[in-house]
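**Q** In the order they appear, the protein sequences are chains A and B.
Heads up, the first sequence is in the working numbering, so the first residue is 15 and it goes up one at a time.
Heads up, the second sequence is in the working numbering, so the first residue is 64 and it goes up one at a time.
Just so you know, the hints here were simulated from the structure itself, not pulled from any lab data.
Keep in mind the model is a prediction, meaning the values are calculated, not measured.
Warning: the hint list may mix true and false statements.
What the hints assert, rightly or not - Now the stretches of chain A that chain B is said to cover, found in silico as 3 or more residues with beta-carbon under 8 angstroms:
no., region
1, 56-65
2, 208-214
To be verified - Restricting the straight-line Cα-Cα distance to at most 25 angstroms, the calculated cross-link-like pairs of lysine-lysine (DSS-like) are:
no., chain 1, residue 1, chain 2, residue 2
3, A, K95, B, K424
4, A, K179, B, K141
5, A, K148, A, K179
6, B, K363, A, K179
7, A, K148, B, K363
8, A, K179, B, K221
9, B, K424, B, K330
10, A, K99, B, K330
11, A, K208, B, K190
12, A, K179, B, K190
13, A, K148, B, K424
14, B, K141, A, K208
15, A, K148, B, K330
16, B, K141, A, K95
Every residue, glycine too, gets a C-beta built ideally from N, C-alpha and C.
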Amino acid sequence: MKKNVACLAVFFAAMAIGAWSDAKSDLAEGIKYHNLAEVDPAGNVEKGKKILGRLKDSDPLARGYYGSILTLEANLCNQRKNVMKAMELLDEGTGYMDEAVSSAPNVADLRVLRMINSYELSGSSPVNRYAVMKTDIDWLEAHRKELSSSDAGILDLYKGLYCMKARKPNEGIAAFESCVAVSPGSAEAKEAEKQLARYR
Amino acid sequence: MKPNRVFAFAVVTLAFLAGIFPAAAQEAAQGAAQESVPATVRVSTVRIFIGEAKYDWTGDGIAFDAASVPSGTRTQLKPETIRSFLSVRPGLIVAPRDLERRCLDSERRLIESGYVYEASVLPLPSKNGAVERLIVVSVTEGFFGRFGGGGIWAMAGKAGLFGDRASALFWAGYNRNGFSVLHSDVGGTPLALGARLFYYGPGDYDGKTAGSRENRFYGALSAGWYLGPDLLVGIDGALDHFGPSSTGLFSLQPCVFLNRYIAWGAKSAWGGEARGYWYPDLEMTKADCTAHARAGFTEKARVALSGSVGYSADDLPTDACFDLYYAEDRSVRSGYSTDELIGNRYALASAELRYDFLSFKVPPAFPCTVQGFLFSDVAAIDPADCGADGGADSSAASGPLDAYGLGARVIFDNPVFAYFTFTYGVNHEGDGRFIFCGTAGY
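Looking at chain A on its own, in the form it has when it is part of the complex (with noise of 0.2 angstroms):
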């Protein structure tokens, strides 16, 4: 009797850990449409919301990339002249990462989706989210030392945006050049060395 209770134990726990191995696949795999669709949107936001979609009830994560993934449809339908379905998106979307982040707000991946989202929103629609954005850059700058080099270098180059728009452009400045100082060679320190190219 206890053999087969432990058989049955191992079971539900293989069964659930595959599960959890399926959703965290399944995760990565959103996440990867996502990042595709920032730059390609066409054919990806669709693969990406099918799967995030399916997951944005059960992951906090999933849920702020699936918020995310829509914004990113917003803008594929402002450059198709569906305005009003970019603003039903971007309303949409929005909704879905501030309640990720409310859900979980320890999550500096979050946070870090939120930060740049917010960014680009408020440059590129009426949608106006830089104190989001604040509080966002505010919070990670808490917890720096728990950030990998990427997402602090992400940080510098976002807290150098806010700063400019703030028009603080010595503290942006400087948090250009920390970005490239922490985070050598990467993306975000390309963008900030342009970024600096451009105030220069």
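Put chain B on the given structure of chain A with help from the hints.
**A** Positioned in the frame of chain A, the structure of chain B alone reads:
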């Protein structure tokens, strides 16, 4: 009053309001002093980014950096359009503090233009020397559709035509139909040209109740020159009340418009408009001038003040009289009759205490603000001889006229730019009036 006197009145009044004489003198003094006073800086380059596309504006003109964007990528807006909103230029020599103020004004002007979603105008040290400054202007192109509505009509149109500071708007409805086109930087110069044509029918339209219904056409051609990004001097040729059975009332209208931002408070500004009218057929003239100011105590609470005066030495016919009944943002908002609020001469003071008490999104996600306000209007009008054609009641009251009341505005700002204002006010005799108009107030 002769036409040249009307024009002189308009220009001198606005010059006084604008303080352009002292400002010009101050700038000249700064220019003279700059060589010896190190506290001044010189703008070497204005760098304009439209999205990622980079343009350097120097003394030699505007140069596009083709390497800044992938080959074939084009922005909708031309850099000259962005330039037209700036109060900085290469070669400008000013005190650093003045430069900062000019950059802030430029930023506000760009954002309020509706041509961009986002704008930043930053003065930065230049590698050319300690007193040189690089101005970095970054904008993201906005939404160029324009919509609006009012008493039984709707408006739609487009701004940013051909990448220029140009718009075409169209009205259609029960009591207002027509179009307006305006180009505010013709050929990349400060020249502004415009035309508009309206038919205020087939239904009744407030302010056009006199005369035959088929003669409710209005047309105008405008030409102006921007002396600065916030100061426009121009002249309109307008033909009102024309139609199949009337050649209408023609007037030439020299005019000056001014706007000035105030650094203090939230969204504070002041400005004015002066306009002269010469009716060659009637051999009559009139002129009026309006000044207004808005000061924001907080992001939500502000006070707005407006003062207007109008004068004519002639006995104007009703159609040419000053109208304080129907005119939007320049009326006595209580229960006086039309006859009591038209005249040859007037003075009007108005105040509003405004509070944005609700901000929300209208589906799909258009930002909307509901503003409540208390208002008071006080006017003196001289209707004595107005209505020589029998249109106005010469026995109408000429004592001080007043209005006290409350109102609400529904404000759709960027990207829609549609405004709806509702007011109800009473005078000291208790007579009230409800008004609905399609403006955001003075």
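**Q** Decide, hint by hint, whether the structure agrees.
**A** Comparing the hints with the structure gives:
1. 56-65: violated (count 0)
2. 208-214: holds (count 3)
3. A/K95 <-> B/K424: Given that 25 angstroms is the threshold and the Cα spacing comes to 20 angstroms, the pair holds.
4. A/K179 <-> B/K141: holds (22 angstroms)
5. A/K148 <-> A/K179: Distance ~11 angstroms between A/K148 and A/K179 Cα, so the pair holds.
6. B/K363 <-> A/K179: Holds, at roughly 22 angstroms.
7. A/K148 <-> B/K363: Satisfied, since the Cα-Cα distance of roughly 21 angstroms is no more than 25 angstroms.
8. A/K179 <-> B/K221: Since the Cα atoms of A/K179 and B/K221 sit roughly 28 angstroms apart, the hinted pair is violated (cutoff 25 angstroms).
9. B/K424 <-> B/K330: Distance of about 21 angstroms is within 25 angstroms: holds.
10. A/K99 <-> B/K330: violated (31 angstroms)
11. A/K208 <-> B/K190: holds (17 angstroms)
12. A/K179 <-> B/K190: holds (22 angstroms)
13. A/K148 <-> B/K424: holds (22 angstroms)
14. B/K141 <-> A/K208: Holds, because 23 angstroms separates the two Cα atoms, which is no more than 25 angstroms.
15. A/K148 <-> B/K330: Measuring from Cα to Cα gives roughly 22 angstroms; hence the hint holds.
16. B/K141 <-> A/K95: Satisfied, since the Cα-Cα distance of roughly 20 angstroms is no more than 25 angstroms.
When the structure is compared with the earlier hints, violations turn up for hints 1, 8, 10 and for no others.
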